[in-house]
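S.K.: Sequence:
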Amino acid sequence: MTVGAQLETTNTVVEKKSQNCTNYEQHLNAEELRQVEELRELVKDDLSPYYDTHFNLLRWIQGNPGMNTVDVSKRLRKHLRMRKSSWDLDNLAERPRSHPIHKHWKFGITGNSEVLENVIVNIEQLGQTDYAGMVETYSMQDVLKARTKDLEDMLAACMKLESQTGKQASVLYVMDMEGLKFDKQLFSLVRGPLRALSEFMSDHYVEVIKYFVMVNAPSYIAAIWTIAKPILPERTRQKVHILSSSNWREAILEYASANVLPSKWNLDGSAEPFKAIVEPPLSYPVDKYFRNLSFDSSKKEKIRVTAGKSLIITKELKAKDVLDWWILADSDFGMGVFYSKNKEETNIDQMNVIVPCLEWMPGPSEAPLTDKFVANQDGFYKIWLSNEAAWWKSLNVLAEFVIHSGSNDNGFEVVEKRHTLRKTSTEWSSPPPSAVMTSSKHEGVVVMSRTPNLAAPKTRILGVTDFEPEDNHLNKFPKLDPTESSKVTANTNTPDEPGAVGKPTMTDDMLVNALKDILMGFKKKMRRSYPQMFLKTNSGKKSETEFRRRKPIAVNIQVADDNLPRKVIFLPNRVTEFSK
493 MTVGAQLETT
503 NTVVEKKSQN
513 CTNYEQHLNA
523 EELRQVEELR
533 ELVKDDLSPY
543 YDTHFNLLRW
553 IQGNPGMNTV
563 DVSKRLRKHL
573 RMRKSSWDLD
583 NLAERPRSHP
593 IHKHWKFGIT
603 GNSEVLENVI
613 VNIEQLGQTD
623 YAGMVETYSM
633 QDVLKARTKD
643 LEDMLAACMK
653 LESQTGKQAS
663 VLYVMDMEGL
673 KFDKQLFSLV
683 RGPLRALSEF
693 MSDHYVEVIK
703 YFVMVNAPSY
713 IAAIWTIAKP
723 ILPERTRQKV
733 HILSSSNWRE
743 AILEYASANV
753 LPSKWNLDGS
763 AEPFKAIVEP
773 PLSYPVDKYF
783 RNLSFDSSKK
793 EKIRVTAGKS
803 LIITKELKAK
813 DVLDWWILAD
823 SDFGMGVFYS
833 KNKEETNIDQ
843 MNVIVPCLEW
853 MPGPSEAPLT
863 DKFVANQDGF
873 YKIWLSNEAA
883 WWKSLNVLAE
893 FVIHSGSNDN
903 GFEVVEKRHT
913 LRKTSTEWSS
923 PPPSAVMTSS
933 KHEGVVVMSR
943 TPNLAAPKTR
953 ILGVTDFEPE
963 DNHLNKFPKL
973 DPTESSKVTA
983 NTNTPDEPGA
993 VGKPTMTDDM
1003 LVNALKDILM
1013 GFKKKMRRSY
1023 PQMFLKTNSG
1033 KKSETEFRRR
1043 KPIAVNIQVA
1053 DDNLPRKVIF
1063 LPNRVTEFSK
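Numbering follows my numbering, with no gaps: position 238 of the sequence shown is 730.
These aren't lab readings, by the way, just hints derived from the structure by calculation. A couple of the hints might just be wrong.
Think about it this way: if two alpha-carbon atoms lie no more than 25 angstroms apart in a straight line, the pair counts; the simulated DSS-like pairs of lysine-lysine are [claimed, not checked]: (1) Lys794 with Lys864; (2) Lys595 with Lys637; (3) Lys731 with Lys801; (4) Lys595 with Lys536; (5) Lys833 with Lys536; (6) Lys566 with Lys833; (7) Lys576 with Lys673; (8) Lys780 with Lys810; (9) Lys570 with Lys673; (10) Lys864 with Lys835; (11) Lys598 with Lys756; (12) Lys731 with Lys702; (13) Lys874 with Lys864; (14) Lys812 with Lys864; (15) Lys576 with Lys652; (16) Lys598 with Lys780; (17) Lys721 with Lys652; (18) Lys566 with Lys673; (19) Lys791 with Lys864; (20) Lys835 with Lys794; (21) Lys652 with Lys731; (22) Lys637 with Lys756; (23) Lys652 with Lys673; (24) Lys659 with Lys637; (25) Lys576 with Lys637; (26) Lys576 with Lys794; (27) Lys576 with Lys885; (28) Lys801 with Lys767; (29) Lys721 with Lys731.
Across the chosen pairs, the derived CB separations fall in these ranges [to be verified]: (30) Ser755 with Asn784: 35 to 43 angstroms; (31) Arg587 with Pro557: 33 to 41 angstroms; (32) Gly761 with Gln620: 20 to 28 angstroms; (33) Pro777 with Asp537: 18 to 26 angstroms; (34) Tyr712 with Ala522: 47 to 55 angstroms.
Predicted model, so just to flag it, every value in this text is computed and none were measured. Where a beta carbon is used, it is the ideal one built from N, C-alpha and C, also for glycine.
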């Protein structure tokens, strides 16, 4: 069943809302009406005609019990500002379900409960949906963007039902756990992406969900619930119902009619009471995982945000300009894009929301944030990166921001492209290097300071990467024997002009010896950041720590003013070199 067959257009919903306002009031008591009107007055500047219904406002009051209306209005205002962002939430239910993620995360609304009054049923195929592949392929921003379409469909279905009945509607969120695998990855998903998704729903779709009902629960559900329960919002925990694994097919009928429950639940030889057709989700191809793709880190700028702080990057855009970005982080972080006419403005609460502010996304990033928007007016667009949730760990980000001019009728023209890693690679001071990517799945960068230990004085050590490629990937590169390399001197192509400075070139000997110098000059620092690279050995009576790799290490080396950095793969017994 398509979304269009279940949901009316936004304009129709708005018209019915105004026609049934008196009908709404028949089902709200005097205190609820007073609070709704008070809340409406407080947020009227941000409240759109589409969202302005008694029940939409009542949900925020119900979802924040004991909170005064002024504080509730502050929470609601954040959501209303997000609705006006480039995601355009008020019109999202009208649009097709076309995000690439939707091919793998199937539509779940099957109809009205027919058992619980004014309740719409949504089936989430939790056990069969490839969440692990999803976060390996798409960023958390993309995941939430795709999910927002479904949440807006649920909200629109509730608003439609409310306009017809004059009674508050909600969603029965049935979570089918068939096929759920018990492994380490599951617990990582529960603590990270699924937690972020739950918090997003709780923060922005308050009281839309009536119950979360788990069916087909495996025997280890208690272990999963033990981990999930403490990190779920309180009101979400109260709504979770786990049905017995022995009679869940009968128990679920207390919540919804078999007509709106998946036909795949029917047992062979049974009367086949369950009627709803739900498309099975598709897995993500492993070769499309971000960790299996390559990218040039030398074109990304390195940004560090201190623990407990946030950073604003300001871009000046003209109307119709396009700003796109690529962001990869080494830990949990927040991100949003805002607009202000004032270049010096730093309070995001005083700015217009352009890209929704996602205050917490789990890290390290499995896939980079990649998105763009078209500026609708001249002014200053501010990219907000937050590490405010951290107590002590700094946030390290690889990022690239590109502005395309929209004034050219023949297409877009790149007018600004910042990547400062090369410029700043010789400007870092000498504290121990810190990994931008802590996960071995990604190609990260550890920026090293220059030292007199380097045999080639104009060689830049751009980065160190800890990773484990496939053996057949390494075999195609030529082997270099460090023991056969001669003493390094800076090879230079000297110009004819007297006093001119020649451009150094990188030879294999320089490459190998630069690596040897790295290992000698930075050994103590690398031991602190990369203890897994070293093994303790006993040499006579003295215990020593030697560089003995279990996995390869990649080092990016670049000669000053050379456009092509070289990447070196340092293996336990050999050095392998290739140029990018």
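S.K.: Check whether the Cα positions of Lys576 and Lys794 lie no farther apart than 25 angstroms.
M.R.: Violated. Lys576 to Lys794 sits at ~31 angstroms, over the 25 angstroms cutoff.
S.K.: Decide if the proposed pair is consistent with the structure: Lys566 and Lys673, CA atoms, cutoff 25 angstroms inclusive.
M.R.: Violated - the C-alpha atoms of Lys673 and Lys566 are around 40 angstroms apart, more than 25 angstroms.
S.K.: Holds or violated: are the alpha carbons of Lys659 and Lys637 at most 25 angstroms from each other?
M.R.: 29 angstroms, violated
S.K.: Just to be careful, I want the Cα atoms of Lys652 and Lys731 compared with a cutoff of 25 angstroms; is the pair within it?
M.R.: With Cα atoms ~23 angstroms apart, Lys652 and Lys731 stay inside 25 angstroms; holds.
S.K.: Using the beta carbons of Pro777 and Asp537, state whether their distance is inside 18 to 26 angstroms or not.
M.R.: Violated: the Cβ-Cβ distance is about 47 angstroms, outside 18 to 26 angstroms.
S.K.: For a C-alpha distance cap of 25 angstroms, please report whether Lys652 and Lys673 respect it.
M.R.: 37 angstroms, violated
S.K.: Keeping to a limit of 25 angstroms between CA atoms, is the pair of Lys780 and Lys810 held or broken?
M.R.: 35 angstroms, violated
S.K.: Run the distance test for Lys801 versus Lys767: straight-line Cα separation, threshold 25 angstroms.
M.R.: Violated, at roughly 52 angstroms.
S.K.: Straight-line Cα separation of Lys595 and Lys536 no greater than 25 angstroms?
M.R.: 38 angstroms, violated
S.K.: Holds or violated: Lys835 and Lys794, Cα atoms, limit 25 angstroms.
M.R.: 23 angstroms, holds
S.K.: Is it true that the C-beta distance of Gly761 to Gln620 lies inside 20 to 28 angstroms, as the hint says?
M.R.: The hinted range 20 to 28 angstroms holds for Gly761 and Gln620, with Cβ atoms some 23 angstroms apart.
S.K.: Given the hinted pair Lys833 and Lys536, is their Cα-Cα distance within 25 angstroms?
M.R.: 23 angstroms, holds
When each numbered hint is compared with the structure, violations occur for hints 3, 4, 7, 8, 9, 17, 18, 22, 23, 24, 26, 27, 28 and 33.
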